[in-house]
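Participant: Given next are the chains, with one letter for each unit.
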Amino acid sequence: MFRHLLKLMWNKRRANSMIFLEILLAFIVLFGVYAFIFYNLNRYSSPLGFNYANSMGVRMDLNDDLDSLGVLAAQERIRQDLLAMPNIEAVTWVGPVNPFGGSTWQTGSMVRGQHILTQMMFVDEHFANTAEVDMLEGRWFDESDLKGKYLPMVVNREFKERYYPNVTTLVDSIIDLDGEHKIVGVTSDFKYKSNFAENFPLSFFAQPERLAQDDPFEMLIVRFTPGTLAEIEEPVYNLLVGHTKNTDVVIWDMAKDRIKSNRNIVLPMIILIVISGFLLINIALGLFGVLFTQINRRRAEIGLRKAMGATNGQVTGQFVGEMLIVTGMALVLGAFFAVQVPFLELLPIDGKYFYYGIVGAILTILFIVVLCSLLPSRQAAALQPAEVLHEE
Amino acid sequence: MIELKNVSKSYRTDTIETLALQNLNLSVPAGEFLSIMGPSGCGKSTLLNIMGLIDEPSTGSVILADQEITNYNGTQIAKFRNEQLGFIFQSFHLINDLSVVDNVELPLLYRNISGKERRRMALEALAHVTLSNRAGHFPNQLSGGQKQRVAIARAIVGQPNIILADEPTGNLDSRMGDEIMDILLRLNAELGTTIVMVTHDDRMARKTHRLIRLSDGERVS
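Sequence lines, in order, name chains A and B.
Its first residue numbered 1, the first sequence is counted upward by one per residue in our numbering.
Its first residue numbered 1, the second sequence is counted upward by one per residue in our numbering.
Don't take each hint at face value.
According to the in silico footprint, chain A covers these stretches of chain B (three or more CB under 8 Å from chain A) [claimed, not checked]:
id	stretch
1	2-11
2	86-94
3	97-107
4	121-128
To be clear, the hints were calculated from the coordinates, so they are not data collected in a lab.
Where a beta carbon is used, it is the ideal one built from N, C-alpha and C, also for glycine.
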């Protein structure tokens with residue numbers, strides 16, 4: 001029967017060319033959408049690596065006239081004053097690259113024969129405690145590390161796995177990355193841009209390196225007791241304004257900042273899903289239309305087949321089968337094109353997401369085709385041969 | 001072979017009931033070539049459809065090949081039609097998108113027969129109607145007479161015991177009609193196939209073993 005249907009559909013190839021084309025295009029669009037969604041969902045599923053809840057971000061100007069020691073002293077005073085306030089649990093100073101801030105710094109260097117490319121964050125020694133960073137090995141740097149021979153540095157898991165996969169521990173390793181640094185700890189996954197950010201090698205450096213560039217930290221992360229943001233926001237603002245002698249202090253809720261940073265991916269994802277939804281509706285309507293038209297044109301053939309001994313199930317199966325054959329041909333061609341993307345490494349993304357995309361698109365289209373074929377096919381099966389054979 | 005007992009058939013719409021057949025009794029022994037004549041609308045095709053199990057009688061019973069069919073379900077009827085009955089229609093009803101040999105194979109698709117065996121049987125059936133040289137052609141490349149020969153090959157390919165022909169020469173000129181009639185007579189004589197033929201052509205009907213006439217749904221002779 002399969003060969004018979006294959007032959008029939010091949011002989012009707014002109015009539016089926018439009019539906020073939022429609023399914024092929026739908027497959028290519030769905031493939032892209034699924035690959036994009038799977039890729040981003042996978043990114044979303046990996047943890048941020050720090051706690052953003054019950055934290056506020058604060059941006060403020062420090063006095064430009066202060067020297068390095070003066071900056072450090074002023075920062076510590078502000079930190080202590082904040083910690084002295086009720087409902088404030090931890091405070092840290094961070095550089096211009098900070099969680100959900102949208103900025104990125106990267107540096108690259110040849111280190112013992114391999115090119116190391118890493119994103120950079122400059123933070124103080126209280127960052128791990130305030131943001132509740134999960135440490136994989138070693139520890140966060142402290143004040144004593146700042147006085148050592150080498151400047152301290154902490155890297156994330158991706159850094160270690162990408163550049164030192166066979167090294168048991170990176171702790172106490174010396175690495176020449178914009179100057180000699182000593183790695184004191186490795187965090188687990190750490191993504192500071194958004195939940196959808198790529199797990200990229202990341203290195204944390206201490207503030208003195210920025211101070212040497214006359215670029216002191218001007219942002220704070222303040223962790224507070226859950227549910228107290230509304231009551232502490234104003235006192236914090238007043239305290240900081242008192243310190244800076246100007247009103248240029250901005251406070252924001254980091255949880256909201258995270259949502260905003262995720263929107264860059266969520267919004268296109270929603271748009272793509274809506275477009276795909278319309279596309280699928282279009283396919284469904286197209287299939288309905290094609291099948292109803294075909295069944296109307298082929299009433300005599302249906303009657304004939306039933307007269308020749310076809311059961312209702314066989315007639316239903318024939319029309320569903322015909323649609324599946326056209327669909328199958330379009331999907332095979334579509335999959336052939338789609339496979340080229342990971343095969344030829346056309347995009348710098350792990351190939352598995354494209355294979356997931358192929359499988360997802362195939363299953364979705366097959367589901368829609370079977371669903372949309374069943375109703376018209378059943379109507380075809382219900383035709384009375386005596387009636388339709390008499391029509392001509 | 002075919003026995004109809006008190007068969008009546010009525011069609012009902014919202015306002016009117018039309019009686020197509022009335023208390024018809026008919027017995028067709030195995031190997032007989034029977035023709036049915038009557039004016040248009042007298043119930044000839046309805047009678048043929050009931051014999052062919054593609055329509056149900058409103059009352060009465062149908063016995064085919066010694067089997068009481070009345071209580072068969074859809075699947076059993078489909079199987080019976082496939083194995084025991086062959087149909088020939090006035091307008092041929094060939095599938096234009098299939099080649100001649102694929103059209104002939106059609107009834108065998110609904111049996112558990114391998115593709116190779118199907119092809120062998122279809123070519124054999126085409127040889128019976130002397131159309132082997134047209135096996136790869138498509139219906140729109142054939143004349144009316146050739147199309148009807150293909151339809152006959154399709155009707156006999158499953159080696160049915162009964163062939164039901166609804167005005168098989170109705171769309172053909174007299175020369176082609178004679179050709180088709182000769183084939184049907186040969187099938188009846190050589191294979192012993194029971195044939196029931198509806199016709200308007202008295203000349204064709206006289207060539208068969210027996211003729212019955214219908215008028216207003218009743219048998220008049």
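Participant: Going through the numbered hints above, which ones does this structure break? Give me the numbers in ascending order.
Facilitator: 1 and 4
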